[in-house]
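Q: Whole structure, please, built from the sequences with the hints as guidance.
If you want the building blocks of each chain, they are given just below.
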Amino acid sequence: MTQIVIVDNDGREVEIEVSDGTSVMEAAVGAGLSGMAADCGGGMACATCHCYVDEAWYAKLDAPSQVEDDMLAFAASARTETSRLSCQIVIGPELEGLRVTLPDTQY
Amino acid sequence: MPIDAANPVPTSYPRLAGADQVPDHVPPELIRTTGLTFGPNFLAAPHKFMADMHNDLPPIFFDVSPFSNQWCLTKHSDAFFMLRNPEVFSNEGATPFPRDPNDYFYFIPIEIDPPEHNKYRAILAPVFSPAGVSKLEQKVRDLSNALIDELIDAKQCEFTTDFGRPLPVSVFLDIMGLPQEKRDTFVEWAVDLLHSNDREIMGRAMHSITQYLKEAIEDKRQNPDDAVISRIVHAEIDGRPMSGPEIFGFVCFLFIGGLDTVFATLNNMWLWLAQNPDRCREMINDPDNIDNQVEELLRCFSVTFSGRMVAKDFEMRGVQFKKGDRVTAILPACNFDPDIFPNPTEIDFSRPRKPILAFAQGVHSCMGAHLARLEIKIAIQEWLKRIPEFELAESAEIIYKPGGVVGPEYVPLVWS
Chain A
1 MTQIVIVDND GREVEIEVSD GTSVMEAAVG AGLSGMAADC GGGMACATCH
51 CYVDEAWYAK LDAPSQVEDD MLAFAASART ETSRLSCQIV IGPELEGLRV
101 TLPDTQY
Chain B
108 MPIDAANPVP TSYPRLAGAD QVPDHVPPEL IRTTGLTFGP NFLAAPHKFM
158 ADMHNDLPPI FFDVSPFSNQ WCLTKHSDAF FMLRNPEVFS NEGATPFPRD
208 PNDYFYFIPI EIDPPEHNKY RAILAPVFSP AGVSKLEQKV RDLSNALIDE
258 LIDAKQCEFT TDFGRPLPVS VFLDIMGLPQ EKRDTFVEWA VDLLHSNDRE
308 IMGRAMHSIT QYLKEAIEDK RQNPDDAVIS RIVHAEIDGR PMSGPEIFGF
358 VCFLFIGGLD TVFATLNNMW LWLAQNPDRC REMINDPDNI DNQVEELLRC
408 FSVTFSGRMV AKDFEMRGVQ FKKGDRVTAI LPACNFDPDI FPNPTEIDFS
458 RPRKPILAFA QGVHSCMGAH LARLEIKIAI QEWLKRIPEF ELAESAEIIY
508 KPGGVVGPEY VPLVWS
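Chains as they are written, first to last, in this note's numbering: chain A, 1 to 107; chain B, 108 to 523.
In case anyone wonders, no lab produced these hints; they're calculated from the structure.
Quick reminder that beta carbons are idealized off the backbone N, C-alpha and C, glycines included.
Warning: the hint list may mix true and false statements.
As the list claims (entries may be wrong) - Listed next, the stretches of chain B that the computed footprint assigns to chain A, with coverage defined by at least 3 CB atoms under 8 Å from CB atoms of chain A:
#1 222-230
#2 280-292
#3 475-488
To be verified - Which chain B residues stay away from chain A? Per the calculated CB distances, all over 10 Å, these:
#4 145
#5 165
#6 174
#7 204
#8 238
#9 318
#10 340
#11 512
A: Pasting the structure below:
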């Protein structure tokens, strides 16, 4: 289990214990966070699990794939330098303390 | 073995129907004949019928009907699982819409499973994604107001004919890159195909639609633009151009999937609005909450179902599904699951947001969901701005016809 922090779209900081191998998207859906939609369930087909990764953590993640990069351009909230699709961030012990923020809206 | 989307062949999956075609592995105590989508109890009040399924039926049951025998899921969590696990619950062969076996095509992308599925879907992401759809806002507002201009002075209208059908058809024509002059013809084709219940009329409508769309496809080949048909015609899958049946199946699916569902959704909502003037006022007085209002109305007035083929033996809630079984998630019932939405039939615009299944979920979740949300939101905003008080015409008879898309046939309205 790894502990991460997700800041929901109402500014609330939620600490979540996540089983290694699950995605940040799945963790947010499991916690019932209102800032997460994740319509396609991890298929990189909908751009509704957009999140902003804290700068310090962004460089520690594997780079987004071409498909993810393309989809991020279609998210409802503005893309930034540290935008990711949360379904593509898979939790492992190296991400203990990871902090991401959900955008105001996913669609 | 995955299907070859470029070279479609008619599906060979058998369809079981009737009491004498129940597989041996189905326990007798789980067999029901509910009349879902066609029985008198369903047609009398379909959404109430589906909400009551949580009291009246086991969470998973095997529904037997003259049209199709299948497992039915009513629990939100079971449907969620089904929709998110395409390796167990496949879309190949799961779409019941009949096609000419001599000119066969797959509905794309709905009949294509991952990983191929996403290659098709990605082609239209620039149009149907949240960011793509937001560019259409002003257009939809203008089209809505043009329709209201035409009907407002009469102080009465038949909602579906005057607004509910033409609005989504106009938006569709624009997105597809087809001329607005075709609006009334398209409405007619859609109605003939989906609501006539007369095989000859349906066949003629399908023929007209096929011919028109094929001509439009050829036209876009020569005259490319930014709109959807042209994007499909000129797109590549794994570096190859799409075949004729692939292009047609993609374009045709958008027509079938994108019109009737929106008609029915708007009809359901306007029927409710007309019967609940106090709730209209509540919505008008809380304009910043429009997104939650739309989401809650979508929860309570979902219009369709999601079918899958079981791809490998699987157990759910102690029930054994066998490879080749058909499973249907009764999405409107799932949205009334009291475990997820307490007091499920109460329309509450301050409900904590949970994933609704109006647009299904998972890789096959509705590609037009964001567009539908936008159309509904703008239609409500513009209508209530100009016609804040309205009611059902006294003579109105609300009728639901059998079928896989649930909404009243006509909604006659009056206002003063």
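Q: Classify the label on residue 340/B as holds or violated, using whether its beta-carbon is more than 10 Å from each beta-carbon of chain A.
A: holds (20 Å)
Q: Taking the minimum C-beta separation from residue 238/B to chain A, is that value above 10 Å?
A: violated (5 Å)
Q: Does residue 174/B clear chain A by more than 10 Å, comparing its Cβ with all Cβ atoms of that chain?
A: holds (30 Å)
Q: Please verify that the nearest CB of chain A lies beyond 10 Å from residue 512/B's CB.
A: holds (20 Å)
Q: Checking the smallest CB distance to chain A, is residue 318/B really beyond 10 Å?
A: holds (31 Å)
Q: So residue 204/B supposedly isn't at the interface. Is its beta-carbon more than 10 Å from every beta-carbon in chain A?
A: Given a closest Cβ separation of 22 Å, the condition holds.
Q: With a cut-off of 8 Å between beta carbons, are at least three residues of the region 222-230 of chain B near chain A?
A: Our answer is that it holds, as 4 residues pass the Cβ test (under 8 Å) against chain A, meeting three.
Q: Quick one: see if chain A covers the region 475-488 of chain B, three-plus residues with Cβ-Cβ under 8 Å.
A: holds (count 3)
Q: In terms of Cβ atoms, is chain A entirely out of 10 Å range of residue 145/B?
A: holds (30 Å)
Q: Please settle this one: residue 165/B was flagged as non-interface, so is its CB more than 10 Å from every CB on chain A?
A: holds (26 Å)
Q: Please check whether the region 280-292 of chain B has three or more residues whose CB lies within less than 8 Å of a CB on chain A.
A: violated (count 0)
Hints 2 and 8, counting from the list given before, are not met by this structure.
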